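Student: Sequence:
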Amino acid sequence: MRDTVEEHICEYIMGAAMMEPDVRQDTNRLGFCFTHYQQLMMQNNRLSLGLMLNSHLEELRGNIFEKKGLFAPKDAKAKKAGAIGDTCFVCSKVQWGIDHMLETVFTMFAKDGKFKNL
Numbered sequence: 182m183r184d185t186v187e188e189h190i191c192e193y194i195m196g197a198a199m200m201e202p203d204v205r206q207d208t209n210r211l212g213f214c215f216t217h218y219q220q221l222m223m224q225n226n227r228l229s230l231g232l233m234l235n236s237h238l239e240e241l242r243g244n245i246f247e248k249k250g251l252f253a254p255k256d257a258k259a260k261k262a263g264a265i266g267d268t269c270f271v272c273s274k275v276q277w278g279i280d281h282m283l284e285t286v287f288t289m290f291a292k293d294g295k296f297k298n299l
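This note's numbering applies: residue 182 is where the sequence shown begins, and numbers increase by one.
Worth flagging that the hints you see were computed from the coordinates, not collected in a lab.
Source: prediction; values computed, not measured.
Some clues are possibly wrong.
[Said to hold, decoys possible] With beta-carbon atoms standing in for the labels, derived distance ranges:
| no. | residue 1 | residue 2 | range |
| --- | --- | --- | --- |
| 1 | Arg183 | Asp267 | 19 to 27 Å |
| 2 | Arg183 | Ala291 | 19 to 27 Å |
| 3 | Asn298 | Arg227 | 41 to 49 Å |
| 4 | Gln219 | Phe296 | 35 to 43 Å |
| 5 | Ile265 | Lys297 | 18 to 26 Å |
| 6 | Asn298 | Leu238 | 48 to 56 Å |
| 7 | Thr216 | Phe246 | 21 to 29 Å |
| 8 | Leu238 | Thr216 | 36 to 44 Å |
All C-beta atoms in this analysis are idealised placements derived from N, C-alpha and C, irrespective of residue type, glycine included.
Sequences and hints are given; from them, build the entire structure.
Tutor: Listed below in structure tokens is the structure:
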């Protein structure tokens, strides 16, 4: 189940969804883990990935390398830079999909007697 969800999400964001503002905002903010970056590189549409990475790097440049405020902690940039690899758009969507599938299974198990016999 997880692999299927992951595959669908990768195909989704490499298709027309990469031009949707909400998807681009999320990919700009979250980026991709190394595993999913490699998986996206194996897709046929590298132009989509290039556009997403370009806007993601612009977002990082604005957030990490912004001018430091007068009272900003000295290590604020280092903390922001260190947090880059902690988020991934695909990982978050896969987890969301799995959570909702499990919720559906448990709901069906509790409410539908026929489901218990499957």
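Student: Hint by hint, note whether the structure agrees.
Tutor: Here's how the hints hold up against the structure:
1. Arg183 - Asp267: 19 to 27 Å: 20 Å, holds
2. Arg183 - Ala291: 19 to 27 Å: For Arg183 and Ala291 the Cβ distance comes to about 23 Å; the hint holds.
3. Asn298 - Arg227: 41 to 49 Å: Between Asn298 and Arg227, where Cβ atoms are some 48 Å apart, the hint holds.
4. Gln219 - Phe296: 35 to 43 Å: At 38 Å between Cβs, range holds.
5. Ile265 - Lys297: 18 to 26 Å: Because 45 Å falls outside the window, the suggested range is violated.
6. Asn298 - Leu238: 48 to 56 Å: 53 Å, holds
7. Thr216 - Phe246: 21 to 29 Å: 26 Å, holds
8. Leu238 - Thr216: 36 to 44 Å: 19 Å, violated
Of the numbered hints stated above, those contradicted by the structure are hints 5 and 8, listed in ascending order.
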